[in-house]
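> Next come the chains, spelled out residue by residue.
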Amino acid sequence: MLGSITRRGLAGLALAAGLAVSAGAADAGPTKVAFVYVGPIGDHGYSYQHHMSAEAVRQAFGDKVEVTEVENVSEGPDAERVITQLAQAGNDIVFTTSFGFMNPTVKAAQRFPNVKFEHATGFKRAPNLGIYNIRFYEGRYVVGLIAGRMTKTNTIGYIASFPIPEVVMGINATYLAAKKVNPDIKFKVIWVNTWFDPGKEADAAKALIDQGCDVVMQHTDSPAPIKVAAERGVWVVGQASDMAHFGPESVLTSIVDDWSPHVVASVKAVMDGTWQAGDVWGGLKDGLVGIPPINLKVPEDIRKMAEQAIEDIKSGKLHPFTGPIRKQDGSDWLAEGQTAPDGDLLGMNFYVEGMEGELPK
Amino acid sequence: MDLVVNILIGIVIAATPLVFAAIGELVVEKAGVLNLGVEGMMIMGAVAGFATRIETGSPWLALVAAMAAGAIMAALFGLLTLTLLSNQVASGLALTLFGLGLAALLGQAYSGMSAPAFPRLSIPGLSTLPVIGPLLFGHDLLVYLSVALVAGVVWFLGRTRAGLILRAVGENHDAAHQLGYPVVLIRYLALMFGGAAAGLGGAYLSLVQSPIWVEKMTAGRGWIALALVVFAAWRPWRALAGAYLFGGITILQLHSQAFGLKIEAQYMNMLPYLATILVLVVISSDRRRLQSNAPASLGKPFYAAS
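For the record, the sequence lines run as chains A and B. For the first sequence, this note's numbering begins at 1 and goes up steadily by one. For the second sequence, this note's numbering begins at 362 and goes up steadily by one.
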């Protein structure tokens, strides 16, 4: 642990001081790999999981790689500066790991055609810029099934960050699953307009519980809502990493992002000289989404149902978005038996039929 | 009814860290020092309080540690600006950045841990009353401390000789100096009080509100506290009211979203800040009143030689 802290600290320091490391040293020495995170590694959520993928690279390749990590990079001019510096510092591949890093990454990819970039959760590509993402919605569908069965008040609370397709897709998938097993289900969504503000996330969780939600889930990055739910004795779902230890009695399960399989494969491809800008969108089947063991307090038949759903999604038998599904305004989206094309999902800007409340624009 | 009570309790919880940080900064500014490092002192209080709670198990030692951490940060700011006469604005900004980084470093070992619940007031017969019980007699003890602290500051600034001297130092440090008052010492003490209060505010976040330790968890509350001091025109009770107003709007907008009110979430999230700006504009429009309240020596460097 200490070793990695120091490395990270030094890397950050070097960047902050703007020390230019000579470029082009890549061929001889180790392969240089860089990661940019939006939050602190210590968030125990989203950025932490990306950090784990960097750790996996270290584990897999040892001293054949040199890994730099920069955390706490805000989405804006700061991101552009950091990404540019990493490219200048002679990194062979740079992983930029937040949606908001998309445009800075595209710009950097144009300026540094010899550096390879991989951007997580975005949609813009270039010859030297690949994208990778996780089908989080598959995990959300599974927890939706569990939540729909576990709620006594038929009301599920959802703490959402920003109304981007990623988040909207998650809400819809959860709702469809919960609705399937519990036709009386209602969703209450609070948009907190931040990825990370533990105090506000905690306040939002309290508001949802006060208004009768007995299952709370989140699409924000801190474990604060878990603590609140545990204290108030309602069910909660962990986000991004396995958060069971924050509330062993209350966490149903977590939706774990595991970026490592893809990141390690990409770095391997760079070393072998076979890297190509790809478009990876993996889910349960690819090991990119993980559902840790479901809380044993959940009745066995519900656990069985969830595990079956995981198997069915893996085998392709079940697609969370399978028609007939209408949009919230009543217009048709998917016909009977039709599954959602990826393009529809990646641009999703509507609630499905039955959801209450208006989706912020 | 339960919902209303819960909403009101939520407001108190959201407001309390701001009350601590704002009342501390108010005293500091009354002494003529502008410390923009509130955020840095809060986060240090948050990590110190959390770590002490985990290590010793004592909530009281945790509070002492949080106050000490904030006060040490403030003393560092004093060393820079009062003794070494560096620029207060730049030093304050640096203090915030330094605090955020140092707290992240010190907190590495504690992230992902959980602190036990903080003790609540429990008066037999009173705390169990419906409605009034949870609202007046059922909060965690820090809530009462925050209100008592505001009352104490009102009394200190308005009714004591020491408070008068502190205000004199903030109004005209040269005159105070010539009268023989130790300007620098008084400002150090005011700064350390402000740091201790900010530390408590941070500890409230990590021990009561969230209650976890994660980096950057103050998420801008130090800046809100700074705005509240101006918002309150340097009057303690108004700072308290401002904090509750801010907390109130924050919580109400969350609830109105959960109720499904058809107002765009972005506007709702803007509201607390919008309200702060609006009041600032209204207050600032009456220039004379603002000036009569603002400490005249605020932010000015003091050279003891003159």
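Please note: incorrect hints may appear among the correct ones.
[What the hints assert, rightly or not] A few chain B residues that don't get close to chain A, going by computed Cβ distances all over 10 Å:
#1 465
#2 469
#3 540
#4 615
#5 627
[Unchecked claim] Some chain B residues near chain A, calculated using beta-carbon distances under 10 Å:
#6 375
#7 476
#8 481
Just so you know, the hints here were simulated from the structure itself, not pulled from any lab data. Built from N, CA and C at the ideal position, the CB exists for glycine as well.
> Residue 465 of chain B: least C-beta distance to chain A exceeds 10 Å?
Per Cβ check, residue 465 of chain B is inside 10 Å of chain A; nearest 6 Å; violated.
> With 10 Å as the cut and Cβ atoms as the points, is residue 481 of chain B at the interface with chain A?
violated (12 Å)
> Does the no-contact call for residue 469 of chain B survive, Cβ to all of chain A over 10 Å?
violated (6 Å)
> Can the hint on residue 375 of chain B be confirmed by a CB-to-CB distance to chain A that is less than 10 Å?
Where the cut-off is 10 Å and the nearest Cβ of chain A is about 6 Å from residue 375 of chain B, the hint holds.
> Does the no-contact call for residue 627 of chain B survive, Cβ to all of chain A over 10 Å?
Not fine: 6 Å to the nearest Cβ puts residue 627 of chain B too close to chain A.
> Is the interface hint satisfied for residue 476 of chain B? The criterion is a beta-carbon contact with chain A at less than 10 Å.
holds (9 Å)
> Is the Cβ of residue 540 of chain B farther than 10 Å from every Cβ of chain A?
Holds, because the least Cβ-Cβ distance between residue 540 of chain B and chain A comes to about 44 Å, which exceeds 10 Å.
> Take a quick look at residue 615 of chain B and tell me if its Cβ sits farther than 10 Å from every Cβ on chain A, holds or violated.
Answer for residue 615 of chain B: violated, closest chain A Cβ roughly 4 Å.
This entry does not satisfy hints 1, 2, 4, 5 and 8, going by the numbered hints stated previously.
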